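Residue numbers (the numbering used here): 42 to 387.
These are calculated hints, taken from the structure and not from any lab test.
Small disclaimer: the values here were computed from a predicted structure and weren't measured.
Take the hints with a grain of salt, since some may be wrong.
Unchecked claim - PhoX-like, lysine-lysine: derived pairs with alpha carbons at most 20 Å apart:
#1 113 x 152
#2 144 x 194
#3 301 x 314
#4 152 x 207
#5 207 x 113
#6 276 x 192
Unchecked claim - Just the calculated beta-carbon pair ranges, DEER-fashion:
#7 176 x 309: 37 to 45 Å
#8 331 x 114: 45 to 53 Å
#9 182 x 343: 37 to 45 Å
We put the CB at the ideal spot given by N, CA and C, even for glycine.
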Amino acid sequence: MLTEATDLTRHEFVAMPALLAFAGRSTQAIAARKARRAVDTWLVYDEEKSMDRIRRLSDVLTSLSVFGNPPKTFIDECHSLGLQVYRAVSGNQSAFDTPARSKTTIDGYLKECDQLGYDGIDLDFEHLDPAIQSGYSDFLRQVSKALTGTKRKMSHCVGYYPGMEKVPPRQLFYDPAVVAETCDLIRVMCYDLYWAPGKGQGTNRDDAQGVGPTSNHPWARTAMEFWLKRAPREKLVMGLPAYSNDYVITPAGKGQQIYKSRPEAQAGTEIVKSWLWYEKVNLYLYRDAAGDPHAFYASDARSTAEHLNTVDQLDLPSIGFWHFSSVDEETWKVVRDWLSNRPANK
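With the sequences and hints as input, model every part of the structure.
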């Protein structure tokens, strides 16, 4: 239980041009809306091999960044729906730490684009040694040049990590100025404010200390303000979470990421729901089957709506989700309503 804290007649013939014109205006309206505000989201292919949901939401989506190994037929069908498709890639320093390895990596990107029809590459390199920043900047420039030469796009996932709030900000393995220079899209991962690791994991990471939501309203806004100072507005994507943080609140407790917007508990278990006004996140308190208390910080339709207010206030061009398959129907409704009510760009 949940408690709240055949032949054409003359008339048909005359009407046909009007119907065709209406259809044309409808198509143009969708295109115009996508030009104003975009949904450039990540997708994990192994969790979304059916095209059913993608087809149903294709009028909302602009592009997919796909983790996994979809066949060319998948990418072709996405194209038939008007969607761009990026190949999401990750890795470590060994992908670019010598000229030969950089060439092999970049040649691999181009080969996949040529053979499968990807529109670009989305780089998701994370948590590398800041000491390699110069080498990584060279790599980004090489990837950008290679993709631009084949009329493909380059995207990069970036974060807002502990220490980036300082003046000067903490140095990362990527230089924000070089990311802004080389990329067509910059996907700001406005999640993992608090990373919910298992017991004993993440002991050396500041974002794994404490208990809290994976994203909250003021922090995510600060993240986007940071990147607005360092990259062109039109390149930025506000990446939103479609997963929640669930913690066992005991001395030996642990956390985990749950790809749902509310906790699942045994029938009859009391679940107390509270809205955290500052964080703008729903908090659920409940006990598991063993009787241990849990704090579940939700990413849901309501918290997403608050993030969309940030998008409006900062005049950001795009959002995305990590990841597509875990976005629930209530949240998609919020996104669809938001897109339908967007004013034209200034």
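We went through each hint and held it up to the structure:
1. 113 x 152: Roughly 13 Å between the alpha carbons, so the hint for residue 113 and residue 152 holds.
2. 144 x 194: holds, 18 Å
3. 301 x 314: holds, 15 Å
4. 152 x 207: Status violated; Cα separation ~41 Å.
5. 207 x 113: Between residue 207 and residue 113 the Cα gap is close to 45 Å, so the pair fails against 20 Å, i.e. violated.
6. 276 x 192: Holds: residue 276 and residue 192 sit about 17 Å apart, inside 20 Å.
7. 176 x 309: 37 to 45 Å: violated, 58 Å
8. 331 x 114: 45 to 53 Å: At roughly 46 Å between Cβ atoms, residue 114 and residue 331 fall inside 45 to 53 Å, so the hint holds.
9. 182 x 343: 37 to 45 Å: At roughly 42 Å between Cβ atoms, residue 343 and residue 182 fall inside 37 to 45 Å, so the hint holds.
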